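Let the sequences and hints guide you as you build the complete structure.
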Amino acid sequence: PIQRDGYSGDGRRAMFRLKEDVLDKALLRRTKETRAADMELPPRIVQIKPVRLHPVEEDFYSALYTQTKSSFNDYVDSGTLLNNYAHIFDLLIRMRQSVDHPYLVVHSKKNTESRARQASSAPAVANGSTECDLCHEPPTDRVVSTCCGSAYCRSCVMEYMATSSTMAAESNITCPSCQQAFTVDLQGCCEVVEDDSTLTVSAPKAGDCASNHMPSLKELPHVATGSILRRINLSEFATSSKIEALTRELVLMRQTSPGS
Numbered sequence: 119p120i121q122r123d124g125y126s127g128d129g130r131r132a133m134f135r136l137k138e139d140v141l142d143k144a145l146l147r148r149t150k151e152t153r154a155a156d157m158e159l160p161p162r163i164v165q166i167k168p169v170r171l172h173p174v175e176e177d178f179y180s181a182l183y184t185q186t187k188s189s190f191n192d193y194v195d196s197g198t199l200l201n202n203y204a205h206i207f208d209l210l211i212r213m214r215q216s217v218d219h220p221y222l223v224v225h226s227k228k229n230t231e232s233r234a235r236q237a238s239s240a241p242a243v244a245n246g247s248t249e250c251d252l253c254h255e256p257p258t259d260r261v262v263s264t265c266c267g268s269a270y271c272r273s274c275v276m277e278y279m280a281t282s283s284t285m286a287a288e289s290n291i292t293c294p295s296c297q298q299a300f301t302v303d304l305q306g307c308c309e310v311v312e313d314d315s316t317l318t319v320s321a322p323k324a325g326d327c328a329s330n331h332m333p334s335l336k337e338l339p340h341v342a343t344g345s346i347l348r349r350i351n352l353s354e355f356a357t358s359s360k361i362e363a364l365t366r367e368l369v370l371m372r373q374t375s376p377g378s
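Going by our numbering, the sequence shown opens with residue 119, and the numbers climb by one from there.
Derived from the structure by calculation, the hints contain no laboratory data. Everything numeric in this text was worked out from a predicted model, so none of it was measured. Hints are not guaranteed to be accurate.
Calculated lysine-lysine pairs in the DSBU-like style (CA-CA distance at most 30 Å, straight line) [unchecked claim]: (1) K187 to K167; (2) K167 to K150; (3) K150 to K137; (4) K167 to K360; (5) K143 to K360; (6) K150 to K187; (7) K360 to K228; (8) K227 to K360; (9) K228 to K187.
Computed Cβ-Cβ distance ranges for the label pairs, DEER-style [what the hints assert, rightly or not]: (10) Q215 to R272: 40 to 46 Å; (11) A204 to D177: 26 to 32 Å; (12) S180 to A144: 20 to 26 Å; (13) A144 to V194: 50 to 56 Å; (14) S180 to I206: 17 to 23 Å.
A virtual CB, placed ideally from N, CA and C, is assigned to each residue, including glycine.
If you want it as structure tokens, here you go:
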């Protein structure tokens with residue numbers, strides 16, 4: 119009757135009978151209050167301690183607060199406040215996370231995916247140009263010369279070197295941009311630098327192509343694949359004020375209550 123009629127008619131009567139004649143007699147419900155004497159729980163002590171944020175954390179929180187306030191005011195002005203309550207809740211959660219550690223906001227899955235989309239669509243800058251110096255098109259399979267830092271398509275470089283080697287000795291091939299001895303690593307990978315108005319290129323570091331600054335699953339077998347630890351550079355990890363305060367409290371607890 120319950121499956122057929124649900125919570126009406128015979129289904130309602132069957133549910134009450136199931137509760138009163140079966141469940142109330144067969145199930146034993148235990149709560150913490152009724153079994154407190156048997157559990158012997160220690161008293162719960164709540165201590166509220168103010169923690170002063172580091173100036174960098176304060177600046178980050180202030181910027182996030184200003185951004186959140188602006189978004190909230192936009193919803194109020196447009197009359198769509200109630201329609202965006204879920205997004206407003208997300209903004210508040212981000213502010214709480216920023217107080218715990220800015221990494222929870224900066225390296226969140228949502229922010230990481232957003233930065234990845236922007237990086238994939240942003241042109242790479244090399245030697246003041248976002249184009250290949252041979253075909254004058256956006257580089258495909260981009261490589262950078264070590265003599266002047268100019269960007270080229272890998273196929274353009276290989277064709278240029280093949281053509282130049284037929285007319286001169288290979289050692290005399292000159293760079294099409296700076297006219298110096300042409301040197302380029304066709305087997306390596308180049309660091310992609312987004313245009314930040316400075317038009318500067320950072321030389322790739324050793325091991326960047328292989329590790330990409332991310333710890334491997336073999337190095338961190340106990341960390342879940344979707345963990346935030348997979349999205350941050352652990353070698354440059356910076357702590358936060360609340361993490362330091364929590365660590366001090368944990369150390370103090372172990373010293374005062376070794377069995378805790």
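Cross-check of the supplied hints:
no. : hint                     : in the structure
1   : K187 to K167             : holds, 27 Å
2   : K167 to K150             : holds, 28 Å
3   : K150 to K137             : holds, 23 Å
4   : K167 to K360             : holds, 10 Å
5   : K143 to K360             : violated, 49 Å
6   : K150 to K187             : violated, 42 Å
7   : K360 to K228             : holds, 23 Å
8   : K227 to K360             : holds, 22 Å
9   : K228 to K187             : holds, 20 Å
10  : Q215 to R272: 40 to 46 Å : holds, 42 Å
11  : A204 to D177: 26 to 32 Å : holds, 28 Å
12  : S180 to A144: 20 to 26 Å : violated, 58 Å
13  : A144 to V194: 50 to 56 Å : holds, 54 Å
14  : S180 to I206: 17 to 23 Å : holds, 19 Å
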